[in-house]
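Residue numbers (my numbering), protein chains in the order written: chain B, 5 to 205; chain Z, 2 to 548.
Among the hints, a few may not be true.
Capping the alpha-carbon separation at 30 Å, the derived lysine-lysine pairs in DSS-like fashion look like this [claimed, not checked]: (1) 113/B with 305/Z; (2) 369/Z with 305/Z; (3) 369/Z with 427/Z; (4) 165/Z with 369/Z; (5) 369/Z with 175/B; (6) 59/Z with 427/Z; (7) 175/B with 427/Z; (8) 305/Z with 165/Z; (9) 305/Z with 460/Z.
Hint data in this document are derived by calculation from the structure and do not stem from the laboratory.
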Amino acid sequence: MPTELLVFYVLAAGVVLSTAAMLLPPMGRNPIHSAIALIVSFFFLAGIYALLSAHLLAAVQIIVYAGAVMVLFTFVIMLLNLTPDQIREPRITATTLIGSGLGLFVFGKLLSALALASNGAKSVDLNDGTHATFGSVTEVGRMLYTTFLVPFELVSVLLLVAAVGAVVLAKRSLKYKDRPKKEAPAAHAVAATDHDTHAAH
Amino acid sequence: MLHDLALTTPLLILLFAGLFTLVVDPFLPAGDQSRRFWGPFNAAMSAAAIVAAALMWKSGHHEMQTVAFGAHLSASTYSLFFVSLVSLVGMMTHLSSPKYMLEQGVGYGEYFAMVSFATFGMATMVSAESVITLFISLEIMSMAIYVLVAFKRTSIASVEAGMKYFIMGSVASALLLYGMAFLYGLSGGTTFVEIQRALVTAKPDQAVWLGLAVLLTLAAFLFKVAAVPFHMWAPDAYEGAPTTVTGFMASGVKVAAFGALLKILYAALAGQGMDDLHLPVAAILSTVALVTMTVGNLLALVQKNVKRMLAYSAIAHAGYLLLGTVASTVDPVLGAPYAVPGGAVPFYLIGYSLASLAGFAALASLGKNGEELTTEHQLAGLGRRYPFAGAVLSLAMLSLAGVPPTLGFFGKLELLREVLAVDNAKYLPHAIILVLNSVVSAYYYLRVTVYVYMRPEPKVEREYVTEPSLTWAMGLAAAAILAIGVMPGKAINVATLSAHAVRTGIATKNLVHLRGPDAPAKVAEVAAAPQEAPAAPVAEPAVIPQP
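Starting from the given sequences, assemble the full structure and let the hints guide the process.
Here you go:
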């Protein structure tokens, strides 16, 4: 399958290059540039998933990671609001050593697995009949609505609790007993959005 | 489908209570006073959940018919017991909250919805039959409680407590998820039945991964019950949270976590006894138990704030309970190598949660005008100025200390009896340390009573939170502590019955094929028993491979 192989090499090169751009200078010096490079990397990764017949996973990769998770990342970067002189020069500490050691270990493991696979270990052809629906939206949907119906419904309760909780903690008007005078206008603006305090006025 | 829904009635009632509160609350008249109505309403819904669970228990649905929704949830004797207990905790919290939260300036309807959702999460957690359901329900419970802890946003301590609990709790969730991923990888299944089947027949070369999976899962539960060395978050979270939430956390989370821990230990991991896991789980748990009870008690001795003292005491009680988890007996259905927990832990949990609820409800009466008068000196005079709260607080302390004839005494007695019954008193040294710890704990529990009754009253005039539902909460808890303490027999029986049913019928049916030739006969014998109870036949879940 030369076309498939060609597409794979293009996507794989994209993943490696964009990840390198994310970590290394000059882009790696700026958090927002790093984040954008990460999005690019996610898109290439989604392409590889699609190539492996995992279409749903490819779509989820883009929606969840390139969409939701990245918004979160950008929010954190925005809130921290680092200026260039606040970003420290990378230093070698015990943590970085342990981290790189573990990374190298996993890399070695993957390489050895690759060597094992190319020595004729059993491989699965995803395009034969038995795996035709593997990773498809139909198959995942069927699993979600039959075998995993209860966990699926419970997740919706979990999301509701999280959403309500976030709103309660972030948005509820507060009645400070000893609020300083100068903060009063701001407090009124917040209170006005809240129905029952508003009605109480 | 309808049968499955019927089996989850108590859970659905709790969920409905939370949803109803959330949806109707905006339409209530403005002003916080009308929100007080939600306390009794949600308490009534929790009571309805208890009644539903009790009716299901009475109707004698047998183990064989109790697995709902493709083996993700169960309504076995075991889960019905724990569902009732967490609903009771929820009910008491709803009753003791309305006026207190109003005085604290945060008497919103969402508070009651969150407590109901957390109770729903706990009830689902103890009914879970698969690791996925267990994890998601644990998250529902935790998420609601993070919000509740930080609910008093005007207080820095409350927000700080919520933040700490949230971050540490997330780490525990990650550990649990990691452990469960390994379990799935080892067994190829997500239900406890499949995991146990796979682990019983596990190959020796899987031992390392099995050990890792068990260790990660245990660590997450040890975190949730605040066992040493995962206890650091507890004192700050307990002290900073609104008092009624502290009571809810101290009792509810502990009940749910121990319910789920016993279930995953016995029904999923330790198929044939604790030492079959290629990892000395019993030794780990009993050692952690000793360290936990000793550290908790010693640190509780030096606390000046009663809420903080009760946090360390909760750590100590987690230690006692952890020692109880290793006290197993032979599975009455499956026979020799299969173990089930004894009734001591569930029984102890009844006493512990009632005493905690009574104590924190009494402390909530000190929360007038947004203050938290919970240091020992501020308790002085409580016995004379608000005699009822003083008496309930003292009774709760006596029960926590284990003084007869309170429920706490019989809880400890039963716990010691079962721990000593294991392998010719193998845990005798542990039991002795437990008794010594109880003696130490009596000092700081009784000190509270001394402050309540024997210290001179402060000159300042002090007001207390009084309202009928708070009085009811204190009265009910105190009456239960005394009543079950005087007649513990029935409660011990119920706790033992439920603990022995930790495996559902499907698990038993699956495991029995792995045993001797007479085993199928035993199962047939058990299956014949419940026929007077007409139960709709439930389809064998498709996920369980037939042996």
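Here's how the hints hold up against the structure:
Of the pairs offered as hints, the one joining residue 113/B and residue 305/Z is violated, with about 54 Å between alpha carbons and a cut-off of 30 Å exceeded. Distance check on the hinted pair: residue 369/Z and residue 305/Z sit about 20 Å apart at the alpha-carbon level, within 30 Å; holds. Between residue 369/Z and residue 427/Z the CA atoms are separated by roughly 50 Å; this puts the pair beyond 30 Å, and the hint is violated. Distance restraint check for residue 165/Z and residue 369/Z: the Cα-Cα separation of roughly 26 Å lies within the 30 Å cut-off, and the hinted pair is therefore satisfied.
Between residue 369/Z and residue 175/B the alpha-carbon distance is near 25 Å, which keeps this suggested pair within the 30 Å criterion. Distance hint between residue 59/Z and residue 427/Z is unfulfilled; the C-alpha atoms sit about 37 Å from each other, more than 30 Å. Under the criterion of a C-alpha separation no larger than 30 Å, the hint pairing residue 175/B with residue 427/Z is inconsistent with the structure, at around 56 Å. For the given pair, residue 305/Z sits about 22 Å from residue 165/Z by alpha-carbon distance, which is consistent with the 30 Å threshold.
At most 30 Å may separate the alpha-carbon atoms for a hinted pair to count; residue 305/Z and residue 460/Z meet this at roughly 20 Å.
Taken one by one, the earlier hints fail for this structure at numbers 1, 3, 6 and 7, listed in ascending order.
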